[in-house]
Structures are given as C-alpha cells and as structure tokens.
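Peer 1: Listed below are the residues making up each chain.
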Amino acid sequence: MLRITGGKVYDPANNINGQIKDICISDGRIVSEVEGGRTIDATGMIVFPGGVDVHTHVAGAALNFARAMIPEDHRRNAPYVRGERHRGGIGGATPTTYVTGYLYAGMGWTTVNEAAVPILSARHTHEELRDTPIVDKSCCVLLANNEILLDLLEAGETERARHVAAWQIWAAKAYGVKAVNPGGVAAWKWGKDAKGLYEPVPGYNKVTPAKIIAALASIVDDLGLPHPLHLHCNNLGAPGNYNTTLETMKVLEGKRAHLAHLQYHAYGGDDWFTMRSKSAEVADYFNAHPNLTTDAGAVLFGNTVTITADGPWQHLLYKLTGRKWGNLDVENETGCGIVPYVYKEKNLVNAVQWAVGLELLLLINDPWRVFLTTDHPNGAAFWRYPEIIQLLMDVNFRREQLKKLAPKALKRILLPELDRQYTLSEIAVITSAGPARALGLAHKGHLGIGADADVAIFNDSKDIARMFAYPRYVIKGGEVVIEEGEIRKAVEGRGYVVRPVYDEKIEDYIRPLFQQYYTMSFDNYPVELERLENPDIRSC
Amino acid sequence: MTTLTLKESPTVPLEAETLAPDVIAPLRHDAIAALPVFLGKRQRRLDDFFTIEGDGSDELEVRGDLGRVKWIGRGMTRGKITIVGNAGMHLGAYMKGGTIEVRGNASDWVGAEMTGGLIHVHGDAGGQIGAAYRGSLSGMNGGIILVEGSAGIEIGMRMRRGIIAVKGPVRDFAGLQMKGGTLFLLGGAELRTGAWMIRGTIVCLKPIALLPTFSYACTYDPVFLRLYGRRLEELGFSIPYQPDAGGYRRYSGDAAVPGKGEILVWKPQVA
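Protein chains in written order, with the working numbering: chain A, 79 to 618; chain B, -6 to 264.
Accuracy of the hints is not assured; some may be wrong.
What the hints assert, rightly or not - Label pairs and their in silico Cβ distance ranges:
(1) B:F217 x A:R498: 55 to 61 angstroms
(2) A:L398 x B:T(-2): 52 to 58 angstroms
(3) B:E226 x A:D541: 41 to 47 angstroms
(4) A:E162 x B:A248: 56 to 62 angstroms
(5) B:R71 x A:E562: 36 to 42 angstroms
As the list claims (entries may be wrong) - DSSO-like cross-link-like pairs, simulated, lysine-lysine; straight-line CA separation at most 27 angstroms:
(6) A:K397 x B:K160
(7) B:K34 x A:K567
(8) B:K253 x A:K402
(9) B:K253 x B:K160
(10) B:K73 x B:K89
(11) B:K89 x A:K422
Said to hold, decoys possible - A short list of chain B residues far from chain A (calculated; beta carbon distances all over 12 angstroms):
(12) I45
(13) G57
(14) G109
(15) G142
(16) D165
(17) T212
Quick caveat, the hints were computed from the structure, so don't treat them as lab data.
In this text, a Cβ means the ideal position worked out from N, Cα and C, and glycines have one as well.
For reference, chain A alone in the conformation it holds in the complex (with noise of 0.2 angstroms):
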C-alpha cells in the first residue's frame, strides 16, 4: 500500500490538472483510499501517469541485427554495471534488453509497444521481451507484405484473408497489426518498390498498395482489436512524399488508422536539394478526419541507427550515405534494412527532418491524436524524449536551437512561425494518456481509481529536460522501481496479446502452403504462450 501525497496531479484522462491530490495505490491499482503503508511526500512535485511509448523497437531480429552491427556505438557509451538490483549491460543507440527497461522506467515510461514483428521472429522478440525488465510490452505484427495475405487479396478472398490474418496475429502472440510499406517489401525482393498508391504490386496483377492498406484496415477493425492497423505508408523518407501521405489518409476514410512516425512521410520537394516541409499540409488534413492518430517520430541531431521493415527506403540510405548496411530477407513475410546514421545540423535534409517532427507536433491540434516517439531508434534514441518535451514546451529554446540550423534551411521548414507551447497537461497527454487509449488499454495512463498503479514523479523544476530525464520517484503496478535516481526494484512486466476468433479450419488451409514455401516446420512456426514472462491476453 502506497500514498502519494502534496504533489501537482497531472491526470488529462480524468480532467485533472495540476490540482493537488493524493494518489493511493493498493494492490497493483489506483485505488480511493488507503490506511497505511508508505507515504510519499511529493510536495513540490508533479504526478503523472507512467509514459506509454506506442511506436518503438525494442527487441526482436532485426534490433540485434541493428546491435551487432554498431559495435563503435557500444564503445562510445558508458557500461551498465550489474548491480544488486539490476543487471549489466550498455546503453547507446541500441541499448542491450535489460537496459532498455532500467532506461525506459528510469524516464518514467511504464508500457511500450515493439511496433514491428515478423511472425518467423516472433518467438526470439518475445524472448528479449521477457528479459526486458519493469515495463509492460505489446507487439505488432508484420502482415502488409505476407505472401499468404497477398496472395488471398489477389483473388479477392477477403473472409479468408481476415482468418488468415487473425490466425496469424495469434501465432506471433501481437497485439496489433503492423504494415509498412504496403507491398514495397514483398516488390524489393525483386529489387523493385511501390511507390504509387493504385499501381499493382510487382508480381501482382490485382494488389496495389491501396488494396493492402484498406483491407488490412478492415481485417483489424473487424477484428475488433483494440488497437488500429498501425501503418508505416509507402514512399517513406522520400522527398514530396506528403502526397503519398495524403493519398493514404484518403483510403483509409471511415477506417480507424494508427499512422507511424509521420515525420518521415511530410515531406514536399522534388528531391534533396529541394526537399522542405509539408507539415502543414499533412497536420491540416490530418486534423479533419478524427478516425486517424499518430506519432511523430522525431528527430533529434546525433549518431544514431535506423532500423525499419522498409527494405528498399534503407538500400536507398546506404547509398546516400556510403555507410555499413544491413539487409534481412524474413522469407514470405517481410524483409528488414539497417543503416547506422548521424542526423546532422548543418545538413539541409536533417533540419527539415528535425523541423518537421516538432511542427507536425505543434500543428495537430488535439494532443489525444499525435504521441511523443522517435520511432526508437531511428530518429533518436528514446532515452532523448526530454529534450523533445523541452522543445515543445519552451518557445525560447526552440529558437535557439533554431540558429544552429543553416540559414538555407530556415526557408523550407514552418517552425519559426509557430509559437504554441505544451504545457505540462497536453505533454501528459503525447507522452501517456494519448497512446494508452491509442494503444486500447484503458487501465493505462490514467489515476483514476481502478487504473495500473503506473506513476512517474518528477520535480516541478524549470529546467525541462532534466526534470523530465530524472523523476524523482517512478511506480510501476504499485511498486517503487525507481527512487533517488536509484533502481530499488527490477520489477517483471506483463506482455500483452489479443486472441481474434478465426475458425480454427484455417490451419488446412495454411499449413500446405507453409510445408510448401517456408523453411521451418508448421509446428514451430506459432510461439507458444509460455514464451511470454507475464501473458495478459485482452478481449476483443
């Protein structure tokens, strides 16, 4: 039993805002009362729901791959040395899994979800899930490029299609769907892309990208899964790519979408030398139609990773960058590329990137639609989200940062123009509130009474970025995880997965079809429940 008392509640969810309150916490949950147990003197505070990341990378194939390629970023940063109470490892860009939950909960952050699972990799993401310690975890599976999906689409077998997709979605134990790039993964391995919205996938005759995204849309809405298809749209990265951005809003009228790291995709120009910000264009759109929310996916300057599903986009990187490259073929199902990166200040290209994170945050107008990420790793590491809230929060900030931009660049972006700032009830609402409904976990980022007992606790300081970055106290399912900078507890987290009905007659029809294409045998394709540490399977 826990009370914390004397501190500023920032809770959006319940319309609470700064009034002071205290919080008791009994078995896990927020509950109205308690008679004693400790107290937590937070006068002087504030509160917050714990953080909810809905777009990160966190484990899984292609991360390790991303992990074994940059052992000179491993170098850079300081080691994590085991301690009585957590254990060793290193940080940086990719930080190792046991890390990875020490970081996220020592920022406040008490859920995340792995945006991008293969189903053939799905048992060893759920095992660096296990070992991902204090956060609770959900994942979203790869299904715009599945073979078996594309191929039903093809001939136009819907039904079949959704309990395909449905057996599949309980097979990789996720609780989303994920597509990215819509049938550019299934063309690269051709070596092509889709880049047009109504053109056939190579190898196809019928599926264009379109077709993939509106029915993946409907499969999930059908499915009643809590969360909406969660998509990376076609033609990421590319200059005057909004158009593709807006196209894809178009097809998804009616449907509930999650659009993914937007800031890769509002881009205007005709290619580098010309490309500048559309944010405008995509954040007007975007606050008109209600069904879709989103995630920035901001940049931040420095070294970083990028790690995505979209083969083609990171061929075209390397080729940018003359760096390391690395490419995975998942079989039938997706592909994966991986370019170390180093977003940089004077370059015209990464201000407009860094530019466009923070405007599309700054111009979607309802907080509850647009949510702080970085798409972990790739715009940034996500241990840097303070220094995005200070962005947000402190005009004057964002107009120094602005001078270290080349003059050049301050022409093709909008951010000198806007002045709107957070306050600390909308940055409760991108960094919890907003992605746990998103997410459609209602027990999460929220204290009212009933709700996870996930509480982050920070100094009511001036200094944004380093009080965001150190909370005073963190609570996770009612225990103390983290006080005086300290980890106290390496508490487990729970893994969350959804089970759709599908008519379990399915399996015949896959099952010759994966004894056919796949490499590894029907049986073990599926993970088993047990892999996950603490399974909470959510109705739907």
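Could you slot chain B onto chain A? The hints should help.
Peer 2: Positioned in the frame of chain A, the structure of chain B alone reads:
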C-alpha cells in the same frame, strides 16, 4: 620520473589504462599506488602488480614483461612512457599526444584510433597497428607509429591520417580500407596490400604481390617523399628519395571500391 616495475606477469590480462602520464603526473606516490586496474573482471590496485618508485611525473618508466598488460597509455595527451620490456595489446590506443617508446615487442592494436603523438617500438609489433576498432569508420587520424621489427596483419586498417613505418616485413592486408595517411613498408608485405583502399599512400621498398585491382600508372620520383624522407631520417628510418637512386612505380587503386589510393613500389636504378 616515475618508475613502475612489474612484480610478476599476471596469469590473465591486466587492463591498466591508468598507466598514462595524464593520470599519474598530478598524483603523489600513495595515490598512484591506489589507482585502479582490472585483472580480468576484478578491480585491483596498481601496487598489487607494480613496485612504484617516485611521485607522479610526466615521464613514466615501466619495467618488466608487460606482454599481458593492456591499454598502457590509452588516450594520453602528453609526456613520455618508456617500456623496458614487452608491451601488451592496445598500447597507446586513442592517444592524442606525447611519446611511447617500447624497448621490446608490442602486441596488436598499437596506436589504434590514435590522433596524435609518437609510438616507437624497437622490437616487433602485432596486427592492426593504427587501425580502426571493429565498427569504427576510421582508424588512426594523426601521429606517427614506428616499428623497427616486423608487424602483423591489417596494419593501418581504415587509417585516415598520420604515418606508420615498419622496418621489417608485414603480413596480409596492410592498409586495408585505408582512407588516407601514409604507410611505409620498408621490409615488404605479404598478400592483398591496400585491399579496398579509398585514398592514402602505401610506400613499399621491396617488390610485392599486388591485387589485380591495382593498375600501373607511371614510374616517378614524388616530391612529397623527399619531405617524408627527411622527417623519417630524423626518426632513424631511411627511405631512398634521391632522384639518381631510382624511382617509384605508382599503382593506383583499389579499383574494386573504387578508390583513389596509391601504392608506390621502389625500383632501384639499374646501373
């Protein structure tokens, strides 16, 4: 002068990056004795392994067979370390300035990713001298490494600036993925010298086997080698640079990358 004498060679490698003038110079004898070193994964005191004489100074003399003592002079910026005996791996890695002299043999990764200073090995050295550590974009970015004896594989791997000169023979892949700087191979080299080199100069005084992706350009007498030659003479290394002694055959490559590097092979004047 601070003198440190190794009591006995450790059974597992000892990581002693505290053996650098930057660390030791400001300290009194007691504080030097208490400096941390790592024996395997265990932290120990410097005086568990060394007999220390004198207070801290910019001049260190380290005595004994230090073949298992790693990271001596790591990141040092000033002063001088004289090693009377052999030195272990990563000697002078990340070094920025100062001098290291080894009166014995050195191991692998001498001067890896160094940016300045001088390392002079009187005996043989191992592989990856002045190289980039795994994953890094570039290795040595300045400074000079001199080896009187032989050296191992991948010397100057991904080096960007600076000079490496080896009197004895070197093994395979000298100047692998080299990006700049100059490699003097006074005693010749084994296979695949300059593989994937993008820029930079490899000067070889003995005939060597070249990769097919290096093509002959011309035979000439580069002016810059006279400057290098005079500097190297001061350091006790001599390369022929008198025009009447002969010329250098220039091979450009590596065309596999494609690169703009060069290998200059000495061709004495036939009388």
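Peer 1: State for each hint whether it applies.
Peer 2: Each hint, compared with the structure:
no.: 1; hint: B:F217 x A:R498: 55 to 61 angstroms; result: 58 angstroms, holds
no.: 2; hint: A:L398 x B:T(-2): 52 to 58 angstroms; result: 55 angstroms, holds
no.: 3; hint: B:E226 x A:D541: 41 to 47 angstroms; result: 58 angstroms, violated
no.: 4; hint: A:E162 x B:A248: 56 to 62 angstroms; result: 58 angstroms, holds
no.: 5; hint: B:R71 x A:E562: 36 to 42 angstroms; result: 39 angstroms, holds
no.: 6; hint: A:K397 x B:K160; result: 40 angstroms, violated
no.: 7; hint: B:K34 x A:K567; result: 25 angstroms, holds
no.: 8; hint: B:K253 x A:K402; result: 20 angstroms, holds
no.: 9; hint: B:K253 x B:K160; result: 26 angstroms, holds
no.: 10; hint: B:K73 x B:K89; result: 12 angstroms, holds
no.: 11; hint: B:K89 x A:K422; result: 25 angstroms, holds
no.: 12; hint: I45; result: 27 angstroms, holds
no.: 13; hint: G57; result: 29 angstroms, holds
no.: 14; hint: G109; result: 20 angstroms, holds
no.: 15; hint: G142; result: 29 angstroms, holds
no.: 16; hint: D165; result: 22 angstroms, holds
no.: 17; hint: T212; result: 33 angstroms, holds
Of the numbered hints given earlier, the model fails hints 3 and 6; all others are met.
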